[in-house]
Amino acid sequence: MKHTLVAKVMDQPGVLNRVASLFRRRAFNIDSLTVGHTETPEFSRMTIVVDTAKVPAPLVEANLRKLIPVAEVTDVTHMATVDRDLALIRVRCAPPERAELASLVEIFRGRIVDVASESVIVEVTGDEQKVDGLVELLRPRGVVEMVRTGKVAMVRGSVVETKPAAQAAPAA
Amino acid sequence: LGFVEERVQRTGAQIVWECLAKEGVATVFGYPGGAILPTYDAMLDYPVRHVLVRHEQGAAHMADGFARASGKVGVAIATSGPGATNLTTGIATAMLDSSPTVFITGQVSSKVLGSDAFQEVDVTGITLPITKHNSLVTDARHIARTIREAFVIARSGRPGPVLVDITKDAQQGKAEFHYPETVHLPGLREPLPPDPESLARAAELVDRAERPLILAGAGVMRSGASPALREFAEKTGTPVALTLLGIGGFPQSHPLCLGMMGMHGEAFVNTAIQHADLLLAFGMRFDDRVTGNIKTYALHAKKIHVEIDPSEVGKNIKVDVALVSDLRVTLEALTPVVEARRPEAWIAEIEGWRQDTRSRDIVHRDGNGRLLAPHVVHDLWKTTGGNAVVVSDVGQHQMWEAQYYKHDEPRTLITSGGLGTMGFALPAAIGAKMARPEAEVWVVAGDGGFQMTQSELATVQQEGLDLKIAIVNNGFLGMVRQWQEFFHDKRYAATPMLSPDFVKLAGAYDIPAYRVSRRADVVPTVRQARETKGPVLIEFQVEKEDAVYPMVPAGSDLHAMIRRPSEAGEEVRP
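Here the protein sequences line up with chains V and F, keeping their order.
For the first sequence, counting from 1, position 146 maps to 146 in this note's numbering; every step adds exactly one.
For the second sequence, counting from 1, position 378 maps to 378 in this note's numbering; every step adds exactly one.
For reference, chain V alone in the conformation it holds in the complex (with noise of 0.2 Å):
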């Protein structure tokens, strides 16, 4: 089964390095890893996505606590949030079959974003699931070129009710 953790980690050298070292040393599995600025400059946000059929969800987020930047840490799986990936495929089209690409991209609310003379580049943002059905449908006219930012997710609801506990009180 698929984990979805979000830490919010000290924004300082090597603290990607320090996340992915302890995922390659306890083998545990990534599916993706995001990471990006938060609200406060002091820290970053990562939203890691996680294969727990080997290693419980819980131990990978004790191990992540264990790590002294990492501020908080929290699965998100079962709660409901907003979850959001972005896609750009470069796409196979010629210039006729453009009108009718652009009104399937429509449909999944995305947008041509360059246009050359045999293919066009498509931004596509949503769930998981809904990037996944627009490149099932663009694969058979050729996927020429595709990157994905992976998944970033955040809690809905007001801030206040879905702060997790306290891990624990801060150090002396």
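Don't take each hint at face value.
Unchecked claim - Straight-line C-alpha distance at most 27 Å; calculated DSSO-like pairs for lysine-lysine:
(1) F:Lys544 / F:Lys490
(2) V:Lys54 / F:Lys318
(3) V:Lys66 / F:Lys303
(4) V:Lys2 / F:Lys315
(5) F:Lys533 / F:Lys382
(6) V:Lys66 / V:Lys8
(7) V:Lys130 / V:Lys2
(8) V:Lys66 / F:Lys318
(9) V:Lys8 / F:Lys315
(10) F:Lys295 / V:Lys2
(11) F:Lys315 / V:Lys54
(12) V:Lys66 / F:Lys315
(13) F:Lys318 / V:Lys2
(14) V:Lys8 / V:Lys54
(15) F:Lys295 / F:Lys315
(16) F:Lys318 / F:Lys302
(17) F:Lys295 / F:Lys318
(18) V:Lys54 / F:Lys302
(19) F:Lys315 / F:Lys302
(20) V:Lys54 / F:Lys295
(21) F:Lys303 / V:Lys54
(22) V:Lys2 / V:Lys54
(23) V:Lys66 / F:Lys72
Because the hints were derived from the structure by calculation, they are not lab data.
Let chain V serve as the given structure and place chain F on it in line with the hints.
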């Protein structure tokens, strides 16, 4: 602005020593070199005792041994590149056994970082998986905060090694010295008090158990829980089995003490584990050397795990109640709420198994003219009154020490458990002796492990340490030979080992030394060593092809022990 200029500016190197003084560090172990030179230069102006080692691995083990013997943070210093890489075996040893240590390494100047400069190596990269935390400091202004954090992290929760890598220009740069009282580390979690609900469930299981058994590990020492453990065991009448690193946490002379469990644990202890209906795992982590095959491990037992590190809970063994908290605090909360009782039938059953073990025990038999290592350890125990701090190396002698030297006090057995680092004993004993100068400290090492770090004999003499050294020489890498005997048709690949004349070797360092090859000479020679002021080395030439029994082959069921063959020659299996 004039005000700012008048403030006292110190070099980064001076700040390093100011920090160590603030932490109460009076002894450091180290080896100088180019990138750490400014720090060594500043050292001369501070009242610290620096122990010059012969190899940085020795410095790391000394800091580790110092920490294990005293509970204080041990500190080692090395230069960049090879100085730092030589530390790594010792750092990993401290990591696996949760020893609070701080390592300070010099690094090339920040201007050339990443250019493969002379003696540059990515130390924070290399030590990332073998430290609790590490940091690279490139600015004198950040040294004090980083060292303060290192000490807090090394001591907090489950202790461990922390490394601070300081560039040469940061050591040379100037800054105002301010040592922060508190540190701001959002990721550092001090342990919570035990969860009341789990505590209640644990108490219920304890009250209902008919065949309870305590499994005590290194956490007993780390949390200072020995008295609390004793109180709990006595109130509930629960027998106590020890892991290798738990030895000393509960007195072995106590009637409820069973002794060591696991691969080379006593047969009756492993039998008791497999028959228990409740296991109380206190500060231990169900290591594979303790459990054998986890699929058949203690199948009839409910399990309560008191463990400070949440990532150890449910890692190897599923437990029924987890108390993720400090062991001493948890026991002090648990003991008052459990019933006072004594499971007589269960204790009688265990005593029956113990009788069987005792009757087969080699230590109660004559060696028939041979000098057996178990006899050496037994006689050493008797002669020292069981009061020595023993620092053992890794291998057969380590297991015999654990079986036959009965420790009654915490921190009196110091050994490399998790990593199993050969060469640990001599340097770790130097650290232990410096932490506890009043204690009688014995090194017990094999001929193989001793040769890995024997250069530290010079350090023993240089520091004028009253350290006693017992080398158990069987002419083999004994434990590996034993595995070859049992599992590889006695094909002794690379295990017969040539050793120097250890008596002459000691002589080269001006250390008095004796060779013993008869049982009758063991006690008198140990006595003589104890009466001699200063270091003494004794080489015990023991039976070459003896094996450690019982043995649970790696991955086998805990109850499937290979027992010592009877005198007639056939193997006895339970």
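Status of each hint after checking the structure:
no. : hint                : result
1   : F:Lys544 / F:Lys490 : holds, 13 Å
2   : V:Lys54 / F:Lys318  : holds, 14 Å
3   : V:Lys66 / F:Lys303  : holds, 24 Å
4   : V:Lys2 / F:Lys315   : holds, 19 Å
5   : F:Lys533 / F:Lys382 : holds, 20 Å
6   : V:Lys66 / V:Lys8    : holds, 13 Å
7   : V:Lys130 / V:Lys2   : holds, 17 Å
8   : V:Lys66 / F:Lys318  : holds, 20 Å
9   : V:Lys8 / F:Lys315   : holds, 24 Å
10  : F:Lys295 / V:Lys2   : holds, 26 Å
11  : F:Lys315 / V:Lys54  : holds, 11 Å
12  : V:Lys66 / F:Lys315  : holds, 14 Å
13  : F:Lys318 / V:Lys2   : holds, 21 Å
14  : V:Lys8 / V:Lys54    : holds, 25 Å
15  : F:Lys295 / F:Lys315 : holds, 14 Å
16  : F:Lys318 / F:Lys302 : holds, 10 Å
17  : F:Lys295 / F:Lys318 : holds, 11 Å
18  : V:Lys54 / F:Lys302  : holds, 23 Å
19  : F:Lys315 / F:Lys302 : holds, 16 Å
20  : V:Lys54 / F:Lys295  : holds, 16 Å
21  : F:Lys303 / V:Lys54  : holds, 22 Å
22  : V:Lys2 / V:Lys54    : holds, 11 Å
23  : V:Lys66 / F:Lys72   : holds, 22 Å
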